[in-house]
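S.K.: The chain contents come next:
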Amino acid sequence: MVRLRRNFLPFLFLAIPILIYIVWVIGPMFYTFYLSLTNWDGLTTPTFIGFRNYQRLFNDSVFFLSLTNNMKWLVSFVTIPVVLGLGLAMILNRAIPGEKIFKMSFYLPMVLAMVVSGLIWGWMYHPRGGLINNVLVGIGLLERGPGWLSDRSLALWSIIIVAIWRQVGYVMVLYLAGLKSINPEFLEAAKIDGANDWKVFQKVLMPLLMPVTVIVLVISVIDSLRAFDLVSVMTRGGPANASSVLANYLYIQAFNNYRMGYAAAIAVILFLISLVFIFIYLWQVMKNELEY
Amino acid sequence: MYRKKIFILIAVVMLFSLILSACEPERIVETVVETVIETVVVEGETVEVVVEREVEVEVLRDKEVLIYNSYASDPAPREADAEIVEMFMDEFPQYDVIHSTIFHEDFKQAIRAYLTASTPPDVLTWFAGERARFFIDNDQIMDISDVWESEGWLEDYPAGFRALSSVGGNQYFLPTSWYWWAVYYRVSVFEDLGIEPPTTWDEFIEVCETLKANDIIPITIGTKYRWTTGAWFDYLNMRINGPEFHIDLMLGKESYEDERVLAVFDAWRDLLENDYFLEDAAAYSWSEALEPFITGEAGMYLMGDFIRDSLPPDVIDDLDFFRFPIMDPNVPIGEDAPTDGYFIAANSQNPEAAKAFLAYLGSVEAQTYNAEKLGRLPTHTGVDRSMFNEAQQKGLALIDGADYVAQFYDRDTRPEVADMGMNVFMEFWDNPGDTARLTQLLAELDAYRIEVFGLE
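Protein chains in written order, with the working numbering: chain A, 1 to 292; chain B, 293 to 748.
Zero decoy hints are in this set.
Far from chain A, some chain B residues (derived; all Cβ distances over 10 angstroms):
id: 1; residue: Asp435
id: 2; residue: Asp448
id: 3; residue: Val481
Partial pick of chain B residues on the chain A-facing surface, computed with a CB cut under 8 angstroms:
id: 4; residue: Asn430
id: 5; residue: Asn715
id: 6; residue: Met718
Derived from the structure by calculation, the hints contain no laboratory data.
These numbers were taken from a predicted model, which means no experiment stands behind them.
Yeah, the Cβ is synthetic: ideal placement off N, Cα and C, and Gly gets one too.
Please work from the sequences and hints to get the whole structure.
M.R.: Following this line, the structure appears as structure tokens:
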């Protein structure tokens, strides 16, 4: 009886989260797959149309524009905040005066809700009354500030800068945690063996920080794929789709144009892209676990 | 341990009291005619008499709950909307209206979810015309012919509004207010520069030149949410090609690749390339673009009359408007005059209460209140026209003088086509000189029109 209970109990506890997970995550996921094969408009009964949505998707220039924008976002996200965050962590890891205040102020942007960041930066980017343009014009650098969010060539980058500004502090904290867990004896040993700072960083610190780096990269990739809030608040993907990303495009298709089936197809594509990166991550984690 | 139990107990008690208070029916005081058997002493004899008399009894009864979702989210309309609900509940205490105001853009996005829910809102605000037609065709809007009949609206509402609300001879929609579109300008700015409001296109261009020469932005516009560009397309198309072509284009019967559409973009290009519009327009919402207009840095704004809701009083005193200039005197005059109103969801759980509320919303009383408070034009002919202010009289004359009245770009055509169309306008706006790109964009838009209207 006792043994039975012991075997049974974990499943009982697991049952609730699994049930919730099935109802709220797995179920909707499969339903989305199904919807992507229909022409559902949110009102009438969905009719099955096979792969027509996908066919259309591959002829849709806005879809490819959004995908390209996601890729631009991804590339800048796995480089700039990672390098800056690591640099800041290296600097702030030693005892310098006011180190806590620095750490806090770099991390603070992360505490703000995305929407709030988007709104505040939206005001800063304001072409006529915004902080940035007033400073640029005020110090005489420019005759007239650019329309950061209204210029089709600048809009996406203006948003990515905000995202990076948020992300740097987060990456920094992850690396700081990683650095704290490194045994200082390794560094001392390297120093005694005559390694200079760069060598220590390159040959000792970086390999030891590898698990953190993997996590940072994966988080950056996933964050850049699900980018939505900032775009939605700052430009709604405009002007004329110039700053559109997949999540925003699918949102507009679903809730502005009521093309639920088509939006579901975009969601499926986005899901498949994310899946590739998630597999890489899991594979990396599993491999490491087996080594230990 | 003991303490923890007490906390849990308190939590449970609080939860229950919340649930209980939510369940408690509201008391309504009702006057009921009761039949009582009374014992009366008449001349020494005891007689039982049956008497009917009115008594006030406190009846424990649930108020009839009515869910009302509204998109009147701008400050002034929101206030008026809440006031109307209060007035209704004062007059009909047996109803309890649960009133939710949803941000305009969000409302448009959520409406299909509202309607298909098992307990949809009973009464909703919405746009007359194609947008309502779509829901009627999909059986999401309740037939309210009986309300039209019993309230006498069939006679009291002008034929145009009746037609706008009817499908197959039955009425589904209640149009309650409408407003006109026009070019708004600052009287003081025009007076300072000795400008007369233009009536023809040449005069309009001249005004733009004069303003520009005096370092005033001729036309302000905020295109962040894109629909403001739709107004320019509507008007240029109606003025150049006439309202008939315009509405056929909206209904998917004409092609976006037509040469007449290109003529619209040619005229538009002139305005853009001469820098008549506010720069970086895409950075502003329509109301953010009001700022240069308020400070007097910009002269004109093509806008609906709701512009008034967002302007400070001193600017409203300095505000006037003129009809979008005539470009070709041989072309009939078309105007945008969007009509707003209400409908009852087909699956309404409480249709009787919903109909009572709708009857109130369509009444002279409610419409008079809205016309006075917001300056919109009422649809009910019973509303006293002499109380209209100067602007309302002028707006009314503007529409009376039109040969055709359209709703608006994103109300007259299918939402998905409008969405793509407005993106075309935005891209054109960004680079008006690239005619090859424009041709390509219009070809894509037209292919989409054919697909959406099922013309394949």
